[in-house]
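*Asks:* Model the placement of chains H, R, F and U on the given structure of chain C, informed by the hints.
Protein chains in written order, with the numbering used here: chain C, 2 to 260; chain H, 2 to 260; chain R, 2 to 260; chain F, 2 to 260; chain U, 2 to 260.
It is possible that part of the hints are untrue.
Identical copies carry no separate label here, and so any pair may be met within one copy or between two of them.
[As the list claims (entries may be wrong)] Once the Cα atoms are required to be at most 30 Å apart in a straight line, the calculated DSSO-like pairs of lysine-lysine come out as: (1) Lys-59 <-> Lys-80; (2) Lys-178 <-> Lys-105; (3) Lys-72 <-> Lys-105; (4) Lys-72 <-> Lys-178; (5) Lys-209 <-> Lys-178; (6) Lys-65 <-> Lys-178; (7) Lys-80 <-> Lys-211; (8) Lys-55 <-> Lys-80; (9) Lys-211 <-> Lys-105; (10) Lys-59 <-> Lys-178; (11) Lys-216 <-> Lys-178; (12) Lys-80 <-> Lys-216.
In short, the hints are calculated from the structure, not lab data.
The residues making up each chain are set out below.
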Amino acid sequence: MDITTVAGIIGAIGLILLGQALEGGHVGSILQATAALIVFGGTIGATMVSFPRKDFVKGLTLLKSAFTETKIDLAGLSKQIVEFAGVARRDGVLALEGRLGELKDPFLRRALQFVVDGVDANVTRDTLEAAVDAEYEENVVGAKVWESMGGFAPTVGILGAVLGLIHVMENLNDPTKLGGGIATAFVATVYGVGSANLLFLPFATKLKRKLGLEKERKILITEGVLSIQEGINPRVLEERLRAYTGEEAPPAETQKKAA
Amino acid sequence: MDITTVAGIIGAIGLILLGQALEGGHVGSILQATAALIVFGGTIGATMVSFPRKDFVKGLTLLKSAFTETKIDLAGLSKQIVEFAGVARRDGVLALEGRLGELKDPFLRRALQFVVDGVDANVTRDTLEAAVDAEYEENVVGAKVWESMGGFAPTVGILGAVLGLIHVMENLNDPTKLGGGIATAFVATVYGVGSANLLFLPFATKLKRKLGLEKERKILITEGVLSIQEGINPRVLEERLRAYTGEEAPPAETQKKAA
Amino acid sequence: MDITTVAGIIGAIGLILLGQALEGGHVGSILQATAALIVFGGTIGATMVSFPRKDFVKGLTLLKSAFTETKIDLAGLSKQIVEFAGVARRDGVLALEGRLGELKDPFLRRALQFVVDGVDANVTRDTLEAAVDAEYEENVVGAKVWESMGGFAPTVGILGAVLGLIHVMENLNDPTKLGGGIATAFVATVYGVGSANLLFLPFATKLKRKLGLEKERKILITEGVLSIQEGINPRVLEERLRAYTGEEAPPAETQKKAA
Amino acid sequence: MDITTVAGIIGAIGLILLGQALEGGHVGSILQATAALIVFGGTIGATMVSFPRKDFVKGLTLLKSAFTETKIDLAGLSKQIVEFAGVARRDGVLALEGRLGELKDPFLRRALQFVVDGVDANVTRDTLEAAVDAEYEENVVGAKVWESMGGFAPTVGILGAVLGLIHVMENLNDPTKLGGGIATAFVATVYGVGSANLLFLPFATKLKRKLGLEKERKILITEGVLSIQEGINPRVLEERLRAYTGEEAPPAETQKKAA
Amino acid sequence: MDITTVAGIIGAIGLILLGQALEGGHVGSILQATAALIVFGGTIGATMVSFPRKDFVKGLTLLKSAFTETKIDLAGLSKQIVEFAGVARRDGVLALEGRLGELKDPFLRRALQFVVDGVDANVTRDTLEAAVDAEYEENVVGAKVWESMGGFAPTVGILGAVLGLIHVMENLNDPTKLGGGIATAFVATVYGVGSANLLFLPFATKLKRKLGLEKERKILITEGVLSIQEGINPRVLEERLRAYTGEEAPPAETQKKAA
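Chain C extracted, bound-state conformation (with noise of 0.2 Å):
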């Protein structure tokens, strides 16, 4: 579970209805099945719209990664291919074979086939780096569709609220009615920016950011499948890939003796 995702909106949602309570409101007040309909009818209507189906329906089922907790343990990655690098170095690429099966990760399996396979390196640089950004670009489109959601919620919360006030304005002859039907207007302004700020705009902020790091995972194991196959030195390899783990430095004693 992803923490920081399901405590943000119980904590924003709940927060505000606190507030809100505290403030001597109703609850039930800002819950209205109509601006419900018109807001979110509207705004996933224009989605639709924006989107071909295939893209959609991405979107929906990409939302599920911004509730699950994704571990990406870059360290550990790293310090496995500085091994595969080790090993190719003291007895071949071709012993990378037999420890293909224990990789769980297909991606990289994937990758040290290549070196296995003894594919050209410029070939197995083009595959992959094609295969990162074309898997990266299909699934960031998901993210883009609750961009699109959170920039069309406001704007159809407004032409709810205004459809709203067409309707008080066209009865401001009765003004015991007049507040209430203001109210009732307002709350589709409640709807589409809340919905927007609190859940659609961030739901994509973070699914960027986790197609982003996953990205990120790969380019490593492309970075490190290639060196491999130059046959680069495993303590040259590990201070290399240390760049995209983020780790300190180790003291320099270790570093040299590594060179």
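*Replies:* What follows is chains H, R, F and U alone, placed relative to chain C:
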């Protein structure tokens, strides 16, 4: 028929009108010919000033493709290119000549013609890439026409509302007409904000996305055909094109045999 | 005469005034010299502060080209360049010298002069590309002047409205003047939002687009002339330039013969 | 004196005040020390938080150049460089040494010194380009300080207005004070929107543009000096630099002789 | 202590409160626990949903550096690197080994270690540049957390105001409470707009700028150390690094002797 475009428009407008009706509003009160005249006249006029005639017409004609289903079968296309790579490797590129007639896709035919004609690889790449870019740039202007409409509509809607309010304010001494006048003025806002967010901006986004997918398809063809010209191993080509089609990697055994 | 510019302005302003008249508003009530003074004085002043004098003047003089039709015949230009390529291939580049006089386009003449003079290809490319870029950058500043006007006008309009409202509020005790005062204040908003969205921003967009098309035309000339210098096959050149002209590909037979 | 800066500020503020006076408003009613305290105090404070002290001071000192005329004579500069190219070609680069003393422009002197000293062309290019970029980046931060002020001022103005309205609302029971209170609150908006749009944002735009023109001038010097080092034909250099100066091409005859 | 951060915050908030007090407002009337609960609860919640936990924590810890003075002595650093270049040129790169211990800057030490260890120049460049970029990217996420807070706060503030207005509207029949209710509702706007513009957005800008300056410092080190590895003339290196330190050029005589 593009299902999300049609369902999105019907759903969005339908649910908003339904919500409005449920709250007791009359649909008639938001149907006003003069507000439509002001908002759509002003929006279309501003957009016409913004674009040369050719671009404006391109925007209108391109709209059709937001409503029609575009099936892009990258997997099938990739398979066909891999097959052609096999033919070229076995029997030489001239053997592809007889196959050109069966191709329905004009861009694929044009690209393969370069290979059959033995045109220099750099000229082939430059020409195909320039053609793909130029076609995209030329069409994307049509999407920008709708984006422009979506940018002008809300501000022209506000312009209409302010004009209406001026009219109301000048007759402020007759309070019985006040509400109705303001209601009328607000309809211009509804038209501007509604048409921009439920129609124009979603159209622009969908058109851009479809043009982007078509561009990707042509880039896949370009890469594939250039690989055929290089005489690449069809299985390596298959692996390479997989980046574009987004298919899952086959099991490691298959990959190994291919190498 | 640029038909979309003229028709767009007349249409937009005409339909808005028509709508206003149909609703019973007097055109006279939105004609106010003081509001115009505030909005246009402030907008022009802010734009003057934003740009050096030379850029500001460039913006004013460039406006003419938003109103004049610019015929760009890329197909004819491409045909002429292909013909020159044929001459150069058959009789050598010096044979082009006699043709220079008949050229009306100064950029094409200048570019071909490099070829005739036997200037090094890299120098030719660098010089022509730098000239195309520099001319575009220099002119596009003029479009940015209008963009700037379109950015300042609505905010200065709001400034004018707020100033008017302050005046109204100070005289709140005389309610008979309230409505008229507010109406007067709103006129500044109408001028600001209207001039920005119906004139300034559309002008900027059209100017940029026209400058972009002119730049593309010069890039076509540059590519064509450099190809002539390389001694390219005229039919391959024709195929290459087709990317810029956006023409459909000829049937496969024609292509084959050309190769 | 930069004429557009001075005339623009005087014109904008003058015409707005004139318009205000013509509508019967008192200039006195928009002069309020407390509103100024809130808007400018808040804006300057927010900008100080946004930038390190050095950048903030750079913004203040840079402002002077928005008010002073900067004559950039690219044609004369280009002519001088072409002349130096002639000297270098005829008598060798060392012959330029005696001319260095007469140069007033420190960057041109520094660049030519590299040539005279026989520094490697790549080192010369890297060093000069890095110096041009670094100087631009360092100065453009000063323009961003004003851009930041222009971004904060309207929102702080709204903050001031809302604070004023809160004060008004708390005393709603005394309607005679209502109008005056609202008027006072609105003055903060006038200060915020006005200072941003008539001063801060235009300052930022002009400063950026002037820095950009100065950068272009130094790029022209860099290109020119590197061409001298290459021993380029002075007439070809003249043609090449014409891209930067934006001059019209000379008649074809002149060009021909030059080659 | 970062003087502009502290003085900016105190100045902005102090002057705004002073202005408010001078106009006769009570500071107490803008102190409302429930409004704070809604605005900051909602803003922090939305930001938590937007970022993975690690990034959110990074944002919080990074804030400290907006308040602490960061002395970056590029001139001194440049001098030291030039001195090392002299040592390396005279006595070989191994002579630098003894000096590594005296270096306090871990990045400079790490970079020089590569030179001393005789690591290949391309590997050195790739590794150091990747490390500089990765560190910047990792930290800049922390600045984006504050930018995000600055984006959400005003909209959540408006949400709070609308919720308050709904409450007011439902009790419209008791006019004596109207003003106070609206005033209360507006406080949420004050909190949202104020915190975003006086704190969150300025924090984000300052953090980004400081990270950018630190990145530049490391790029200077990278360039300097790579130049040492190339065995560059220390005086040419001094000239080259001057681009980064922004110092004025020394008089021509000095330059000449250096060459």
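*Asks:* Each of the hints needs a verdict: does it hold here or not?
*Replies:* Right, here's what the structure says about each hint:
no.	hint	in the structure
1	Lys-59 <-> Lys-80	between (34 Å within a copy, 24 Å between copies)
2	Lys-178 <-> Lys-105	neither (65 Å within a copy, 66 Å between copies)
3	Lys-72 <-> Lys-105	within (14 Å within a copy, 34 Å between copies)
4	Lys-72 <-> Lys-178	neither (55 Å within a copy, 53 Å between copies)
5	Lys-209 <-> Lys-178	neither (46 Å within a copy, 46 Å between copies)
6	Lys-65 <-> Lys-178	neither (43 Å within a copy, 46 Å between copies)
7	Lys-80 <-> Lys-211	within (22 Å within a copy, 32 Å between copies)
8	Lys-55 <-> Lys-80	between (38 Å within a copy, 21 Å between copies)
9	Lys-211 <-> Lys-105	within (20 Å within a copy, 36 Å between copies)
10	Lys-59 <-> Lys-178	neither (45 Å within a copy, 50 Å between copies)
11	Lys-216 <-> Lys-178	neither (56 Å within a copy, 56 Å between copies)
12	Lys-80 <-> Lys-216	both (18 Å within a copy, 27 Å between copies)
In the structure shown, a violation is registered for the earlier hints numbered 2, 4, 5, 6, 10 and 11, in ascending order.
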